[in-house]
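**Student:** Single-letter residue listing:
There are 2 protein chains.
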Amino acid sequence: MLDSLFRPKSAAVIGASTKEFSIGNRVIRNLVDFGFKGPIYPINPKTDEVRGIKAYKSILDAPDNIDVVHMVIPAKFVPQAVEDCGKKDVKNIIINSGGFSEIGPEGEAFEKDFMARAKNYGIRVLGPNCQGIINTDPDVRAYCNFTFTKPEIGHISIVALSGGVAEVIHQGFSAMGVGTRIYASNGNACDITIPEIIQYLGDDDGTRVIVTYVEGLRDPSTFMKVAREVAAKKPILAMKAGRTAEGAKAAASHTGGLAKEDLATDLIFKKAGVLTFMDEGELIQAAAAFATQPIPKGNRIGLITNTGGPAVIATDILVGAELSIPPLSDKTEATLKESLFPEASVNNPVDVLATGNAAHYRACMDAMNADDNYDALYINLVTPFFVDTDSIAKEIAAVNQQAIKPMVCNLMTDKNQWTETVRILKEGGVPSFSLPGEAARAMTALVRYSAIRSRNIGQPDSFDDVDKSLAQGIIDKASAAGSKFLPSADVYRILEAYKIPTAGWRMAVSAEAAASAAEEIGFPVVVKADAAAIVHKSDMGGVAVNLPDSQSVQAAVKDMQARFEAPDLKFFVQKYVAGGMEVILGAKAEPGLGHLIMFGMGGIYVEVLKDVVFNLTPVTRFEAEEMLDTIRLAPLLKGVRGQKGVLRAGLVEVIQRLSQLVSDVPAIQELDLNPTLAFEDEIVVVDARIGL
Amino acid sequence: MLDSLFRPKSAAVIGASTKEFSIGNRVIRNLVDFGFKGPIYPINPKTDEVRGIKAYKSILDAPDNIDVVHMVIPAKFVPQAVEDCGKKDVKNIIINSGGFSEIGPEGEAFEKDFMARAKNYGIRVLGPNCQGIINTDPDVRAYCNFTFTKPEIGHISIVALSGGVAEVIHQGFSAMGVGTRIYASNGNACDITIPEIIQYLGDDDGTRVIVTYVEGLRDPSTFMKVAREVAAKKPILAMKAGRTAEGAKAAASHTGGLAKEDLATDLIFKKAGVLTFMDEGELIQAAAAFATQPIPKGNRIGLITNTGGPAVIATDILVGAELSIPPLSDKTEATLKESLFPEASVNNPVDVLATGNAAHYRACMDAMNADDNYDALYINLVTPFFVDTDSIAKEIAAVNQQAIKPMVCNLMTDKNQWTETVRILKEGGVPSFSLPGEAARAMTALVRYSAIRSRNIGQPDSFDDVDKSLAQGIIDKASAAGSKFLPSADVYRILEAYKIPTAGWRMAVSAEAAASAAEEIGFPVVVKADAAAIVHKSDMGGVAVNLPDSQSVQAAVKDMQARFEAPDLKFFVQKYVAGGMEVILGAKAEPGLGHLIMFGMGGIYVEVLKDVVFNLTPVTRFEAEEMLDTIRLAPLLKGVRGQKGVLRAGLVEVIQRLSQLVSDVPAIQELDLNPTLAFEDEIVVVDARIGL
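Note that the protein sequences, when read in sequence, are chains V and B. According to the numbering used here, the residues represented by the first sequence are 515 to 1206, in order. According to the numbering used here, the residues represented by the second sequence are 515 to 1206, in order.
These aren't lab readings, by the way, just hints derived from the structure by calculation. It is possible that some hints are incorrect.
The list cannot tell twin chains apart, which means a pair is met if one copy fits it or any two copies do.
[To be verified] Think about it this way: if two alpha-carbon atoms lie no more than 27 Å apart in a straight line, the pair counts; the simulated DSSO-like pairs of lysine-lysine are:
(1) K940 / K1051
(2) K1158 / K1051
(3) K940 / K664
(4) K908 / K533
(5) K851 / K763
(6) K1124 / K1158
(7) K929 / K533
(8) K560 / K1102
(9) K929 / K664
(10) K929 / K940
(11) K1152 / K763
(12) K1152 / K1124
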């Protein structure tokens, strides 16, 4: 439990300084200014007081029972200071200082040293090279941080390694007048991790929504486990940066990590039920809505406005995000025609006109709240000087307090003049934005989250007709032999062991054997030369397709025998399957996470459209169906222009069996079923490859 | 010239009121508070003064030479008031009152009445049902408007029918501390139009950038002509709303226009060189950059930051928008390694670290300004309390004043505390944003505009080998006969007249004639039943494809003769062409604008991917090539996996000839060349349709 870190009853600062513009001074000033509820112990051997507070020569001289110690001293002094803290039974240390693993081997040695000591004493460490934490709980008021943006009390908690972006988000809330609950930035994160903090925030009743920013996950499987558990309790809103190769490189240069394009993080977010954002502004604005609003039951929005254009903009965004703007029911229309000005536009959006007053807004909100056709309310408000907008704001706030349906409000005004209207909405807990697009996107986020919450991916199917030990045996043997790729026959044996449907095949060592194998399989067939030395079969003339009879099979084999002199030369004879729709399936090991499973359209479309989707093992039936539905050419699978489409159930099953195979035999690094041909009534893998 | 409207020397208000919360009072208050340079004449028969200013009983009693008269009186009194203004030689009237064409026939009658009188006297009218204008020019200071957001002096002019959104944009600038030059919102726009105002702003030296919002264009061809002319002189930034069907419906409900999905507006913007935005926030932020920054020469951005994460976010956005982040040259790297802290990250983005000071920022800016690898600078600045950020801001402002390369700055701070840093950047003309994404998107807009400016679409090719009079004659005859669709033979004659390559064809009236026509064309052929009554040939069994010989042609014709009893029954015999890549071309009349020309992939891809692009006639060679390049499956045209691709020059020519055809013969309402088959060495239209 991180309670003593986030709810400290006392705080000390090793490296407390009398210099105004030093971190050792600022932390103390922040604690004092923010009204920290516990005692503060500046530690400095050279002074008696810091900012008027009694200072101690050493942590060993300070009073006992210290929950949090800040360290603002050079890296080389940190190990001994940690040792001292251990002797003093300190519970947590926030190391603000840098100069550790982020600068290289020398710093890394200091980090290892102090961590060994901290572990020895059971001290938890936040950082090093970090900002620290803030908790606005009125019983705590801990500003254990050297930044300067003083948050209001609120329900949003922020957690990130990157102090830069965490603080930008924090400032965003501050600029909007939205409160924060807990803020935590853990820098190098050598002890306390992001998942651990998220777990704590999940249990913190004051936290209604968790906001995080990542550039990559250090321990993806733990993150997924924790995020999944916490996201079931409260919304986690996340932004991932470093999406482009250049962005990943920039991220690597400041975190010292590896630059790589990172597909898995998005899949983890999705699987865990984390709501993701591509834009930090959108994330900030959405969080403001989540902090006070219930989750909508669906995607049907009622819009109320007192000016036309901004409602048009909002409508475009909502509809563009696949929300619905249902027309007014007869009853609602009749009610509003009676309540509003005769010139008002009684539609959805309903336009009460610039002259519309508080009673008009109230009538609209009440009517839409009572109307089962709407799940949430979007409100636009411009503030004509001739209208009593304070009263309108009071009605909006009053309806918001009823918490019947979620609502967002786009208040378009000069906020320096219309201060009372702003205040009423804010104190009424109404999420209030400055542009129609901002409010609409915040609403979109609420609805997206509602969809996430109602999305039940179910448990993965477990096929018990598979032969795991056969597959494992083949892989073990190949691994022991140091093979990089399995021979074709082994690949197909493994697929058969998992009942993944393939085109019929036989191995043959001679022209005659190949011909009789072909007879058994049925013509036409493909013949492929098979030998360790023949890697790129096609390019080397080692593949003969669409052979219609025994004669042509024998000819093909003899031709290959003449050209290839490999002593281990054999022939892979396979049913030649033509037609159908070319799709591609694949699996790739993702360290610490299982495997990525890929599905998409095959042939030139893979190349040109990159029409493929991914998921993480284990893939459930629901997820496999979602994969089929989310490729761009999805309608082709269902059939267009009166065509019947392909056997979707078969594809879904192959995806799941593939998922089970690589989960059962994780030593499989890469597996491609490319191409796989999908027909109306069957699915057939016609080429496959397994890499170790 | 609208000079007397936008630079009035005097202003009167008919309907001036002593009531504080009335428009007739507010306009006078705004003129006074904003420091209007001319005399103000309140007109009110019942009072001697309004807000301490002498009032006149009638406009006829007021002094002469009035440039602008506001009307804030009921609609029914407006015609007589306009008549009075005419007698008084008033130059312009701003009719703030509503109650005209926007409310129906009764109001429309008043509108017609006052417009007739205004025209009679040569008075120009802004509105009715409008906010009015603002001009911040220190020599003018005209706040002829009843809103309340007082702009600072600036270089951005705003023009829109919709006062709601214009004012939102205006407030956005105000909230950012960015100045405005001219503001104009013309409501019903019954006289002075948006293009006319844009023309004026184009000539106004104080306007550096024009911002507009539209929900549809009233007079698209005039808009295009004017916008094209003005956009050649200064940036026009535009947002179009009502993009979704529901948004268009919402727009129609508040403007009284027709709800329709409107493809042409985007094409007009593109053709005119207008920079378009999908988001009003992005538009506002971009305008702030355009107001002070030169246009970048290219897309290569140098990034400077003092914290990692926000630079990662910015990099993702810039690269995602196809901007480039070139690495440092050896020289720049060497310079910066000498100038910055040893721990600084000397890359692009360059991270001077949170402890980086003014000299470090200056060194980076100077080095990147001197380095030919960069076209523009993106700067991130967080404000650690231990750094003198005012000095950093001063260096940024100083470099900005040199105007060597465009720059944007993302200032991440608590703006209520770091007021001096904010002030220095603002007064230094540095476009300053609050989030990395905002600054990055503003930079993206500058680069997008640079690409627009360097895009030269050229003049349309004019093919002189066409037979316009033949095509026109066929169309005239069909129009005279009231035909909706041309018979196949006429369609193909027209295509041949414009040298659009089609599969060879003949008309035949008998089985024998069809067979000999097929002999001439060459087998295989298609035979289609042709009669006025046979509309859906395929569905009715009136098409026989891939007929290999005379015998099968005769059999097909006889079969159709037996089934169709039309007295005018003839047979369209055409070469059967197979293979090739199926593409689709088309044209559709767009009233007032010429025609939309469509190009895309054919077959099921049209249906599933909607992989088509449009342009407006006349389509130049450059534009036709761009059309080929911008479909999603564009690489297929060029050839993938070693395929040769199709004859692009042929497609480009067909697009241009099609453009010329519908421009020459505008009575063609619809023309489809679907499918057209594209081969390596030729293009062949195999089915075509022309609608009138």
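**Student:** Let me make sure I understand: some of the numbered hints might not hold for this structure. Which ones are they, in numerical order?
**Tutor:** Violated: hints 1, 8 and 11.
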